[in-house]
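K.L.:
Using the hints, position chain B against chain A.
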Amino acid sequence: MLKVRNRPAILGNRLLDLLTIFVVAAFLFPYLFMVTSSFKTRLETFAYPPVWLFTPTLEHYHNIFDDMNILFYMKNSTIIAVCSTLLTILIAIPATYSFARYRFRYKEGIAYGFLFLQMVPGISIVFALFFIARALDLFDTHLFLIVVYLLWNVPYAIWMMRGFVEGIPVELEESAMVDGASRFKAFRLITLPLMAGGVAATAILIFIGVWNEFSLSFFLTSTEARTMPTTIAFFMTHSGIKWGPMFATATIGTLPVVVFALLVRRYFISALTFGAVKG
Amino acid sequence: MTHNARSQRRRPAWLAPALLILPAFAVVFSIAAYSAISLFQLSTVDLTFGEPFRLAEGVGLENYQWLLTNEHSTFGATLRVTIHYLLGTLIPELLIGFAIALLLNRKMRGNSLFTAVLIIPVVLMPSMVGLIGRLYFSYDGLINFFFETFTGIRHNWYGKDLALWAVILVDIWEWTPFFILILLAGLQTLPVEPFEAARVDGASRWQSFAHLTLPMMLPLILTTLILRFMDVLRLFDVIFVMFSGGPGTTTTTLPLYVYRTTLVQRDVGRGSAASVMLIIIIVALTVILIKMRERIKFEA
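Here the protein sequences come in this chain order: A and B.
Heads up: the first sequence at position 208 corresponds to 1192 in this note's numbering, and the numbers run straight through without jumps.
Heads up: the second sequence at position 138 corresponds to 144 in this note's numbering, and the numbers run straight through without jumps.
All the pointers check out, no bait thrown in.
Derived coverage of chain B by chain A (criterion: at least 3 residues anywhere in the stretch with Cβ under 8 Å from a Cβ of chain A; other residues may be distant):
| no. | stretch |
| --- | --- |
| 1 | 34-41 |
| 2 | 112-124 |
| 3 | 177-191 |
| 4 | 236-250 |
| 5 | 265-277 |
| 6 | 281-289 |
No lab work stands behind these hints, which were simulated from the structure alone.
Glycine included, C-beta positions come from ideal geometry on N, C-alpha and C.
Bound-form chain B, shown alone:
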């Protein structure tokens, strides 16, 4: 006992937890700090990709200013495409995913097989998914085969009007199962009593859905949306492989914009400035969403 008391006096209470975290902290934050400093430095220079760094010319914050204000900058168009892509994927994925989760949340044989199958799209190699998507959406591809069978029309998915929708449809196929799996897990843990009480009181199916299921599921729905929001905003591989941002700039979301500015236009400075803004946008919006979710949780 006295020994313990003495050793505690010698070693402050924070020492043990701090030492345990230290390796992880040191590794992660040093990689992050090193990259962040280099990235910020690159965002303040004028440098053509491929040239040695010593030729870089400091220009201060001009790259940021150019992206945000210059009339030739397509940064604004990129933001519009990004928002279109975000809404085009998240809304259908949530609605379809929730509907299918409700469908699967009934007693029937083979349910565990179904959830196993739904894991597959989520874990496939995205670069391969992109390439397969490219074939399926070609004029003689699988998607047009189904369109022609059911509507009699084939579409040009590679064209300016539909390329973004093709990318969106691939994402819906890949990631609706994400919503299904999480929301199904949530539905299965809902308490039974309120639903039984509602049925005794003569509530219809729709009423118990609207007044019980939905409010109880809301926090989980928001969590799932936030996680997907972060992922959609940083998605690069599938779009890169399918259309690499084209035709024109129709599938150039923010991550694609970073790539095209840095490697296609070979403008390291502006590309890095766009990278910094992408990071700020993701972190800021996610923090706002997390705060919003907390407020809704307390009200509910």
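Isolated chain A (complex conformation):
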């Protein structure tokens, strides 16, 4: 009796396993096709039906490193992303501590104030920022983008890290303070090391966000401070789109982000939800 009932169940489970694998593979496929296309020749990228087997070529990589100087844009992206991330963390940690550990009037109101500012679409203020940048003579500089990104990054970091701090028992700090440590010393010696993992994850996710950001960087830079995502404009020429170099750039540009994201996988769910949901 049991056997008879179970056989279709096991078969059903196997089918569901196969379906799962198929579905996940389907989500991966466009990315894999992009990566493999960067090793195809020009004609092969256009081929219809698509070419599945081919001899890989590095010509597009030579092209973007030697002729397009892609390293320059990667350098800009790195400078802006690293500086904005570090500044964000530096500014956000004291605020996070305040929200997590103190009780004061209008606390949640101020916290939501930060969240609402985070919601403002970049495209809606980018042209106002354009006029501001021109007036301050900061158009097309790293500095302006680094500062402007703080508007989105600081609220994000506060909301992300608040959950991590609130997850650390306050008693640990209190017992250190009973032993004579100042509040700051208790924070530095006890809470800060415990929240380090969360801070690192937040930093990486902010880095990814800035690294990928397009609309502000596209309209607030021209030649000097241009970042990786905005190089897409170089591939859209009058004679059509240069697909090979585009695929190579996309592969190079997304590689650090994919690696980073997989590193902080554990924190990814709270990252996607501003810490509202724990993974």
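P.N.:
Showing chain B alone in chain A's frame:
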């Protein structure tokens, strides 16, 4: 002890938390205030993009009035496209995402590999995704290859009828994993006991899904929808790179409308007025949604 009491009398309790928040508050709110004031100022002038600001002519709230009431304004059409885009992305993403989350929420090998793979679309550079989408949806592209293989027909995704759907499909590929990952995390933290009790009582799989899983997951589903709603409403890069709002106005959602009015029609005033309305719409609708979610949470 006396020392503590004295120092507390000298320093009010709110001082320490206020000082700690001050740097973040000062930076964020000064950038926001500066941009908000400039944006509002720009929305009340008549200025061609590229001209120096001193040539701007004050027109009061005429730009807003024009956008909302003028017969040549395409603001209404933009709202329709935006709503179409919102529903076209959020509904399938939620349904497919929830289904796949249920599928992944079974004991099987390789689950952690699967969730790792699903992170990839979410973190890819959107501008590159847009450009790749443009190639995949071209007449000789990957998407048509699959359509021809399975249905025998190739479609013109660049045309007026399908361009918005092409953009929607790209978003579904990019962001369904967002629903999968969050809802899967939620499913894995559901308590086991109610399900066991239901099974003992002879409830079918469907019954325990409809009466247990769904109601328990509802708050999380709403949270996820709200987060995505905000993001879809402000999405610019993918659509800009794929079709920059065209052909015609078929993929002009609100953010694209802001761009086209300001930079293509070079009308800074009307573009800024549209920006202000975009901000108001996002904040207002999100506040309403958060309030709705709170009410449902209390009823459940």
